[in-house]
Amino acid sequence: MNQFLNSIERLALKVSRSISLLAGIVLLWIVIITCVDVVGRYFFNSPLYAGAEIIKVSMAGVIFCSLPYMFFKNEHIIVDLFPIFKKGYFGWVLGLVFLAIGGYSLWIIGDKTFSLAMRSLEDGDTYEYILAPSFLAKANSEFLPKVYVDTFIAVSIYFTVFMIALKFLLVLLKPGTSAEYSDEDEEIN
Amino acid sequence: MGALTISFIGFSAILILAFLRFPLALSMGMVGVIGFGELTNYRAAISNIGRLVMDLGQSYSLSVLPLFILMGLLVEKGGMAKQLYRAAYAFLGDKKGGLAMSTVVACGMFSAISGSSIATAATMSKVAMPEMRRYKYADSLATASIAAGGTLGILIPPSVILVIYGLLTEQSIGKLFMAGFLPGMLGILFYTLAVFFVVARNPSLGPAGESTSWTDRLLALKDVWTTLALFIFVIGGIYIGLFSATEAAGMGAAGALVIALSSGNLNFNVYLNVLRDASVLAAKLFALLFGATMFSNFLNRAGLPDALLGIINSFDLSAMAVIGIILLIYILLGCVFESMSMILLTVPIFVPLVKNLAPELGLSADLVLIWFGILVVVVTEISLITPPIGLNVFVLKGVVKNVSVGTIFYGVTPFWIVDIIRLAIIALFPAIALFLPSMMF
Chain U
0 MNQFLNSIER LALKVSRSIS LLAGIVLLWI VIITCVDVVG RYFFNSPLYA
50 GAEIIKVSMA GVIFCSLPYM FFKNEHIIVD LFPIFKKGYF GWVLGLVFLA
100 IGGYSLWIIG DKTFSLAMRS LEDGDTYEYI LAPSFLAKAN SEFLPKVYVD
150 TFIAVSIYFT VFMIALKFLL VLLKPGTSAE YSDEDEEIN
Chain Y
0 MGALTISFIG FSAILILAFL RFPLALSMGM VGVIGFGELT NYRAAISNIG
50 RLVMDLGQSY SLSVLPLFIL MGLLVEKGGM AKQLYRAAYA FLGDKKGGLA
100 MSTVVACGMF SAISGSSIAT AATMSKVAMP EMRRYKYADS LATASIAAGG
150 TLGILIPPSV ILVIYGLLTE QSIGKLFMAG FLPGMLGILF YTLAVFFVVA
200 RNPSLGPAGE STSWTDRLLA LKDVWTTLAL FIFVIGGIYI GLFSATEAAG
250 MGAAGALVIA LSSGNLNFNV YLNVLRDASV LAAKLFALLF GATMFSNFLN
300 RAGLPDALLG IINSFDLSAM AVIGIILLIY ILLGCVFESM SMILLTVPIF
350 VPLVKNLAPE LGLSADLVLI WFGILVVVVT EISLITPPIG LNVFVLKGVV
400 KNVSVGTIFY GVTPFWIVDI IRLAIIALFP AIALFLPSMM F
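One line per chain: the protein sequences are U and Y, in this order. First residue of the first sequence? That's 0 in numbering that gives the first Met the number 0, and the numbers climb one at a time after it. First residue of the second sequence? That's 0 in numbering that gives the first Met the number 0, and the numbers climb one at a time after it.
Pulled out of the complex, with its shape left as it was, chain U reads as follows (with noise of 0.2 angstroms):
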């Protein structure tokens, strides 16, 4: 039983991991873009097309790509005052809890995030500057990059409960273990 649990606990990780190395190449680009538009400006006297906007819609890719990541390894910013709490059977209680309320937030936001997007196709929302590229745009249909981009956004929170939920289920079914990893863990990877 041990074993099945670690392989689905490893597996997990790996593809928390994996989304979160999108993260970070969605990080470089905006390193690219920002370079671009900044000799782009000063060299060429010609900065680039939207380039704010393009940094401000990536930065979702960055944030929201390694939130399931975060979770589901515990990596929060904790008040570390009183590791006793971490410890033993209340340790793993106190996990569980923080495990599902986490959970259970980031569910509501889920929700509040989707029916935003929702209400961006029916608003046709568009952002300032991006806006369709002409082969996606369909016969009397606006391409809306805001609505792919809000239900992204959606999607990653719905997925990063997807991945606590895991967490909880794993961190269940092995009394007395924490819900944190400690840095010799990270060879679980």
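Hints were generated in silico from the structure; no laboratory data involved. Every value quoted in this text rests on a predicted model; they were computed, and no experiment measured them. For each residue, glycine too, the CB sits at the ideal point set by N, CA and C. There could be a bad hint or two in this list.
Unchecked claim - Computed from the model, here is a short list of chain Y residues facing chain U with C-beta under 7 angstroms:
| # | residue |
| --- | --- |
| 1 | A17 |
| 2 | F18 |
| 3 | L23 |
| 4 | I45 |
| 5 | G49 |
| 6 | V52 |
| 7 | M53 |
| 8 | G56 |
| 9 | Y59 |
| 10 | M250 |
| 11 | S278 |
| 12 | L287 |
As the list claims (entries may be wrong) - Quick list of the computed label-pair ranges, beta carbon to beta carbon:
| # | chain 1 | residue 1 | chain 2 | residue 2 | range |
| --- | --- | --- | --- | --- | --- |
| 13 | Y | R42 | U | G87 | 37 to 43 angstroms |
| 14 | Y | G397 | U | V96 | 25 to 31 angstroms |
| 15 | Y | N272 | U | L10 | 18 to 24 angstroms |
| 16 | U | N5 | Y | N299 | 46 to 52 angstroms |
| 17 | U | L172 | Y | S46 | 34 to 40 angstroms |
| 18 | Y | D305 | U | L120 | 37 to 43 angstroms |
| 19 | U | S17 | Y | R50 | 43 to 49 angstroms |
| 20 | U | L120 | Y | L316 | 50 to 56 angstroms |
Knowing the structure of chain U, use the given hints to seat chain Y on it.
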């Protein structure tokens, strides 16, 4: 129920949750939503959440965070700390306490690229500690100079905490960076003086190292010119208005990447990990900002800023006395709170109050918040070396073998004292922090 009582209940709830090791972002967010929901209605509170996630998650100004974090991580992995230390040693190493002084200066230079105190302390301890042990430095002085020098990471620009403060208070991040520069230099000077006094009292604590010829000194400088050039390019670019803080961060990250790649210390896997770490850290800070904003909305709705202002007026205190009390509260909070938590919990409470003091202090509302930001960061630096949980001290304890926490705290005492003096000077003479921002193009 009065504003103070409601806010007190909210604040206590966060403290209890935080001490139970609940993530701070979740604690602040939950208390913020429940508090706001109780004061208005839950529909409005939850509606706020969705909009805030969408806005913060697609924020241009927030991109400055992962970019500066990336720049710092690349410098750290590129092994530049060693070269910086060698350069500082070449000039100061042959003096009594010279290695500790070199450590402080190298920490200052490293801080000019990295925005994190913990990263500065952890990286410098690996470089400086073996050298100081080789020259038989007392552990107390050696570890303390790294722990204290490391604190400069959050003050000398770029600084992650100043970015967070700027985002929370809607102040110019470029101006905040400029404001942190002179107090940071003052920090290097004061820490060097602290080393000087320690070895003047007991020379055996920090013997002189070997002297370096001028040819070697120039050679050592040659190794660090790229790092220094990167700092001048990034911060100078902001100062003369060549680019915004966000653009500077992007250009800085690109520059750090070139330097790290040319150092040969960065392989593809390390590079991918650095990119991922910077993104995950940005997500953590995003969550914290989200929680802090929800908490701040609740406090504002409860009317805490007005209630605090009423209390201050009833005591008829001068603006400086109020600032003094706030700083005292920070020093006390610093004994139990980690730096980022302390700032996120308190800035929403104190900032509206400090803004109201601007006319009495003879400053504009924006300048007073920039000056206050620097004061907050200096107090936070102090908290990093204050017992019982001074975080930098524990970073050192984790990295350096065979040294007790007590030894490090003992060694840190002179640095802590000069820090308090520096805080008083910056509080009494706001011009030290505000000179550069007011001269910006």
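Inset, instruction - Hints the structure violates: just list their numbers, smallest first. - result: 19
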